[in-house]
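Residue numbers (our numbering), protein chains in the order written: chain A, 499 to 824; chain B, 499 to 824; chain C, 24 to 348; chain D, 24 to 348.
Among the clues, some could well be false.
[What the hints assert, rightly or not] Covered stretches of chain B, going by a simulated chain C footprint (3 or more residues, C-beta under 8 angstroms):
1. 523 to 533
2. 543 to 554
3. 617 to 626
4. 792 to 801
[Stated by the list, open to error] Pairs of lysine-lysine residues, derived as DSSO-like cross-links and limited to a Cα-Cα distance of at most 30 angstroms, are as follows:
5. B:K742 with A:K784
6. B:K721 with B:K751
7. C:K212 with A:K547
8. C:K290 with C:K312
9. C:K212 with D:K286
The set of hints was computed from the structure by calculation and includes no laboratory data.
Glycine included, C-beta positions come from ideal geometry on N, C-alpha and C.
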Amino acid sequence: MSMRKISFGKAINEALHQEMERDDSVFIIGEDVAKMGGDFGVTRGIWQKWPDRAKDTALSESAIIGLASGAAVCGLRPVAELMFADFIGVAFDQLVNNAAKLRYMFNGEVSCPMVVRAPTGSGIRTAYHHSQSVEPWFMNVPGLVIVAPSTPYEAKGLLIASIRNEDPVIFLEHKSFYSIKGDVPEESYEVELFKAEVKREGRDVTIVATMSMVALAEKAAEKLAEEGISVEIIDPRTLFPLDKDTINRSVAKTGRLVIAQEGPKVMGFGAEIAAMVVEDVFEYLKAPVKRVTTMDVPIPFSPVLEDYVVPTDVDITEACKAVVEF
Amino acid sequence: MSMRKISFGKAINEALHQEMERDDSVFIIGEDVAKMGGDFGVTRGIWQKWPDRAKDTALSESAIIGLASGAAVCGLRPVAELMFADFIGVAFDQLVNNAAKLRYMFNGEVSCPMVVRAPTGSGIRTAYHHSQSVEPWFMNVPGLVIVAPSTPYEAKGLLIASIRNEDPVIFLEHKSFYSIKGDVPEESYEVELFKAEVKREGRDVTIVATMSMVALAEKAAEKLAEEGISVEIIDPRTLFPLDKDTINRSVAKTGRLVIAQEGPKVMGFGAEIAAMVVEDVFEYLKAPVKRVTTMDVPIPFSPVLEDYVVPTDVDITEACKAVVEF
Amino acid sequence: MALLKERLLDLYYKMVLIREFEEVMDIYAKNGTIPGFVHLGIGQEASQAGIVDALKETDYKYPDHRGHGVSILCGTDRKLVMAEIFGKGTGINGGRGGSMHINDIKVRNMGFNGIQGSTTVTALGTAFASVYKGNKDVSVIFMGDGTLGEGACHESINMAATWKLPVLYCVINNQYAISTHYRESHPQKQLATWADGYGVPNEVVDGNDVEAVVEATERAVERARNGDGPTLIEYMTYRWQGHFAGDPAAYRPDEELQEWKNKCPVKRTKARLLDVHGFPEKILSDIEKKVVDEVQSMLKFCLESPEPDTKEALKHVYAGFGEEI
Amino acid sequence: MALLKERLLDLYYKMVLIREFEEVMDIYAKNGTIPGFVHLGIGQEASQAGIVDALKETDYKYPDHRGHGVSILCGTDRKLVMAEIFGKGTGINGGRGGSMHINDIKVRNMGFNGIQGSTTVTALGTAFASVYKGNKDVSVIFMGDGTLGEGACHESINMAATWKLPVLYCVINNQYAISTHYRESHPQKQLATWADGYGVPNEVVDGNDVEAVVEATERAVERARNGDGPTLIEYMTYRWQGHFAGDPAAYRPDEELQEWKNKCPVKRTKARLLDVHGFPEKILSDIEKKVVDEVQSMLKFCLESPEPDTKEALKHVYAGFGEEI
Ligand SMILES: Cc1ncc(C[n+]2csc(CCOP(=O)(O)OP(=O)(O)O)c2C)c(N)n1
Ligand SMILES: Cc1ncc(C[n+]2csc(CCOP(=O)(O)OP(=O)(O)O)c2C)c(N)n1
Ligand SMILES: [Mg+2]
Ligand SMILES: [Mg+2]
């Protein structure tokens, strides 16, 4: 495959172009996704090529998600954009009570192959209505799939896999990633859904990290390596349903778990991981599990406040040391 | 206090009457809550006494919650009813992005003392849109309070405390409870928020159970007592923010934890409890934590299907035995 | 313009069928055999039968929660609809949905939804797919007067009107949302005028006059098929029962109910068949007997049907993950 | 009926103040001093200043996300508004909200909300409280043309119209929602006619004519205060900048922008003060100079202000739990 460095945003854009090219049933819909190419520029060039398959809508998130699910039942493959993941709140019912349950409702006779792309997370100084981590709102809803890439390579391959997947996918794009570059093949490819990735192998402690936390975990791992602590990093990539085995196996090996998570601690996705581990591999646990998370507050605007409430690599390093020294 | 037996629904009704009597700023609003007295009859008699303080609305849950939060900021104390907790989906944004964050937004200069009453849970054969357990959707949202009584006594006292509380409260009423009777004082009283209740003391295993699961846990405890296993039962009563101490202390004592929860397992409220325990009192844990929950599916209609997916006292008994024998 | 008399006769059969079906459901709901809530359409037969009659099988139909009648007229084997209401394993959705959730994709019954207003936006998707694929299937939403309060209705009609999607909003105005009269929760005298705000053609029809129902619906469906966009029709009618089987409906005056019973859509059609079209009484009473037999045989099927296999509860959550991969 | 000339002169001051304030914000947003997104109101000064001028301090005001101008006219110490935009500890909300979230309960600036449409239903609550308490304060919602797409708008106007709540819907139609022209996302020629569907009085006014803005708004406010219910006014205007400071706004024709620059509301008011009311040039240029000084002194305050204390981030999440019990 011919690799070159492109940005996370461009990788997603390329995935969309290639899937639109490959499959006539794929279309995009959302606010300003067509003519302007998206608020973050991710859908550029699609409307120009396929004007009938790129729809700018009114500010109507329920209608966007509702339309997508109805179209999906008819065999189309909508890729809807929510300008910010936070806006999922006004379309919550459509995802939780409709898209997620359609297949079950129809006794398995239909499926709902739609993707909802949603820029998520904090860090770009947009305060509490444009900085939330929404995955915990949906991880208790069977029928949904939540995907969260942390590299341009994954972004492209996971989006392609999501579009081809038969169930409704919430595709989280960390908004701090868009301009970050990485190796991405030119060709179309899938990165397998429902499969965690071991980003670094290690012996002493497992860090489960996702999206923006992966790079911090890697930084922490480097520092810990200097101190003789060997860290294994696992990125679930699909947050729901979860690849339990990969995580459980790693924790069984290292005996220690730190979860690095953006978003408030209580009932963050780390809660599920910690609970799973203490249920499934308790006998291997040598130390308490630790969750390194955003503080339990709305995300404030001012950079000094935002930086204060969001976890850092130092927090991860310290958590790892604490569990190793336990 | 003069006790007598009244139903869970009547206890809530009495709390409303007494608070309306005491405080002019309390009013009720919702679909069919005024003239008819509520779909489950919980608000009976209020409109007849205070016609201007009981409002029947259109089917407009966002408007109901929005109105309540705006009125609360003006110093009123709305008690809104959602006919079923599931309908919170169409008002999700109003709770998560507005009510929950108002105080923070206004730099502490306002508060939002509102209560949203919401009949929750499964068991009355109403399928997947009228049987959900919604608490996990909200437990990651700082600023909200989630209250969940399991007896008529608690229902009255917790509702009164919720109305007097300064923050937005989601008050969950398990819909299978409405006609169940219990001892309730005639007088007005508060049951403290943010305080778990030890429902039964024991030595060998702690069960954390809430709402419908409390009675099942008690049944399980009786059976286990016959086999010489001593069970401690804790009902958090306020699910969020949680009374961590009471739970942690109990688990530190018994060394074993079973969580009995209605609603799908993944990222149910049991996830947070298990995670907290393995973080905070790991060294006392003698066995894996076990979660006894509804299966990870939408709640089906047919009684045989619904009963199959919802946990039973036998499931709880077995989980307790498993952790004791570990 | 009146309907051909053969068509009216057939509609009579369908209305009598709904009436009988619902009366039997009422009995079995009240005696506890049917679990959960059951919302009956007695009194609304003309609107239910008339609208479906104006559609093709390939049109996408979104019945409301009072939708047994619509569901038995869409082409599904009727006993499977009834079995679903009983929660049996033979039900059209395997018993997972019950009375509030009957779907059948084969005949494009897109199902009722427990969240009022929700289908108004789902229907945008099936309508969009019709345009996308270049076929002419119309998406038809049945909705109560009360349902019009939901925000989703606005997002739906706004988008449908802007994009001229083939959507038909059928507002079945039975005047109450549970206990609340529509004049207490909406500012309009007639709800149809709400569509004026979007420039969407709309009309009010007598929902108990099956011929008027068919004709207005056909006009609107025609418009949608021709690419002229959505229409909203308000069908004025009344539900004889309470909100659900067992609701005493104390919130409404007895005289009002009596007045509407006098406007019974079934009787009215019968009178027309007898008086205007000159059908002999016997033909009509044969239809009535046939319907009783038909419903009894469905009932027998349901009562003898097995409960669902518990394992079914775990199926069909995902198409692409777990069991069904 | 024209405004008294002293009032118009004062409005001129306010409009010039908004213009200058926003131009300075533009510079500091583009040079990176101000973090995050900044939505500027340049071009919309007549609507912003005129609407606020028609209100009392006790009226509840819900500015939209383009609401700096409204926020500096509500009675808040203006430098604290600017400090909030800079995210400083001295900001009116302690820097926790920034440009997109400026509130001040003391002057009943109820704040902008990052979720478009959300305040339309919150405003029902303040309006309801006015009725409940028997006072006459009106709840005034500023909202863009695009925002009218949200379902909440329907639930809001439906309830306000039914209950005749004292609500005023101020639709600031600057014609675009980011890149999307309102005629591409809404079916109406003029959005005001949407209110016809609810029987809510509505009108379209020239949003660049501050006198027309004040007059229409005062009429509507009067109606609300008298218990006659909501009104919707559509103010036709244009934003000169892109959606946010830095957006090149490539989606719209240059000529269109030029055309609207020719209709500059500030220049237009100035011309009227000079030509019709005969104010000497000097009085106006003094105002302009005074405004420059005023804004510079706010700016100085902001730049010298300390960052927030990090501990502040943890405060005010709950009133009745934790720290603040
Ligand atoms: C979002 C939502 N809100 C409330 C309900 C509860 N509910 C079910 S039916 C109903 C009344 C509906 O009235 P209408 O639309 O007029 O239909 P009808 O029952 O009269 O046929 C209500 C309030 C619901 N199912 N979903
Ligand atoms: C619910 C929601 N959807 C989308 C957005 C993103 N967004 C912010 S402003 C905007 C355009 C708003 O247009 P309009 O209402 O006309 O106001 P204008 O920016 O023109 O002043 C959009 C799409 C949002 N903040 N909230
Ligand atoms: Mg009705
Ligand atoms: Mg605009």
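To see whether the hints hold, each was checked on the structure:
| no. | hint | verdict |
| --- | --- | --- |
| 1 | 523 to 533 | holds (count 3) |
| 2 | 543 to 554 | violated (count 1) |
| 3 | 617 to 626 | holds (count 5) |
| 4 | 792 to 801 | holds (count 8) |
| 5 | B:K742 with A:K784 | 23 angstroms, holds |
| 6 | B:K721 with B:K751 | 21 angstroms, holds |
| 7 | C:K212 with A:K547 | 48 angstroms, violated |
| 8 | C:K290 with C:K312 | 15 angstroms, holds |
| 9 | C:K212 with D:K286 | 41 angstroms, violated |
Consistency note: the structure conflicts with the earlier hints numbered 2, 7 and 9.
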